[in-house]
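K.L.:
Sequence:
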Amino acid sequence: MLEIDFNLCCGFPSRTAFKSLLSKIGPQLKCLVILGHKSMPVDVVMKYCSNVVNLDLRCSAIVQGGIETDSNNFRQLEKLMVREMDKESLECLLQNSLNLKELLLVDALCLDDTLLHKIFKKEFSVPTKYHRCE
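Residue numbers (our numbering): 607 to 740.
It is worth saying that the hints were derived from the structure and are not from the lab.
Only a predicted model underlies this, so the values are computations on that prediction, with no experimental measurement involved.
One should not assume that every hint holds.
Here are the simulated EDC-like cross-link-like pairs (lysine to aspartate or glutamate), alpha carbons at most 16 Å apart as the crow flies [claimed, not checked]: (1) K636 / E697; (2) K644 / D611; (3) K644 / D692; (4) K644 / E708; (5) K707 / D662; (6) K724 / E694; (7) K707 / E684; (8) K727 / E690; (9) K693 / D713; (10) K693 / D718; (11) K685 / E708; (12) K685 / D719; (13) K644 / D713; (14) K685 / D718; (15) K630 / D662; (16) K724 / E697; (17) K693 / D719.
For each label pair, taking beta carbons as the anchor points, the in silico distance ranges come out as [said to hold, decoys possible]: (18) P633 / D692: 25 to 33 Å; (19) K636 / D719: 14 to 22 Å; (20) M607 / L704: 19 to 27 Å; (21) E694 / E609: 24 to 32 Å; (22) D713 / C637: 17 to 25 Å; (23) D611 / K636: 16 to 24 Å; (24) T720 / L627: 34 to 42 Å; (25) L717 / K630: 33 to 41 Å.
For glycine and all other residues, C-beta sits at the position ideal for the given N, C-alpha and C.
Please construct the entire structure, taking both the sequences and the accompanying hints into account.
P.N.:
Here it is, written out as structure tokens:
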């Protein structure tokens with residue numbers, strides 16, 4: 607397990623530094639927790655951490671670099687906790703998480719009836735066994 611707390615350091619690293627770190631250690635990670643106040647590029651995590659089973663994003667998460675929606679980057683991901691994510695980024699993340707068993711959305715202002723309907727209709731292959739929105 608790796609927990610990165612960007613609240614304790616000088617701030618969020620550059621996208622290049624973050625990519626460099628995850629390109630080295632990402633493939634070995636099974637559990638990843640990222641804490642921070644600034645936006646975190648989820649597409650970087652998806653690209654380099656394809657074996658993550660449990661992902662906890664306690665920060666604002668966004669997709670910046672674009673991801674092929676059928677790439678299944680998070681094919682191992684079973685548990686996902688997301689805080690403050692825009693609708694497009696959340697949809698992209700869910701589309702690439704085919705084995706998701708648990709989904710926790712916190713401060714999910716992007717969660718509207720349309721997105722909730724897609725989740726419950728399993729358009730993202732997310733089981734409805736466990737959903738909690740705060």
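K.L.:
So, for every hint listed, does it hold in this structure?
P.N.:
Here is what the structure says about each hint:
no.: 1; hint: K636 / E697; verdict: violated, 22 Å
no.: 2; hint: K644 / D611; verdict: holds, 11 Å
no.: 3; hint: K644 / D692; verdict: holds, 14 Å
no.: 4; hint: K644 / E708; verdict: violated, 25 Å
no.: 5; hint: K707 / D662; verdict: holds, 14 Å
no.: 6; hint: K724 / E694; verdict: holds, 13 Å
no.: 7; hint: K707 / E684; verdict: holds, 5 Å
no.: 8; hint: K727 / E690; verdict: violated, 23 Å
no.: 9; hint: K693 / D713; verdict: holds, 12 Å
no.: 10; hint: K693 / D718; verdict: holds, 9 Å
no.: 11; hint: K685 / E708; verdict: holds, 5 Å
no.: 12; hint: K685 / D719; verdict: violated, 22 Å
no.: 13; hint: K644 / D713; verdict: holds, 15 Å
no.: 14; hint: K685 / D718; verdict: violated, 21 Å
no.: 15; hint: K630 / D662; verdict: violated, 20 Å
no.: 16; hint: K724 / E697; verdict: holds, 9 Å
no.: 17; hint: K693 / D719; verdict: holds, 12 Å
no.: 18; hint: P633 / D692: 25 to 33 Å; verdict: holds, 27 Å
no.: 19; hint: K636 / D719: 14 to 22 Å; verdict: violated, 34 Å
no.: 20; hint: M607 / L704: 19 to 27 Å; verdict: holds, 23 Å
no.: 21; hint: E694 / E609: 24 to 32 Å; verdict: holds, 27 Å
no.: 22; hint: D713 / C637: 17 to 25 Å; verdict: holds, 22 Å
no.: 23; hint: D611 / K636: 16 to 24 Å; verdict: holds, 19 Å
no.: 24; hint: T720 / L627: 34 to 42 Å; verdict: holds, 36 Å
no.: 25; hint: L717 / K630: 33 to 41 Å; verdict: holds, 34 Å
Checked against the numbered hints given earlier, the structure breaks hints 1, 4, 8, 12, 14, 15, 19 and satisfies all the rest.
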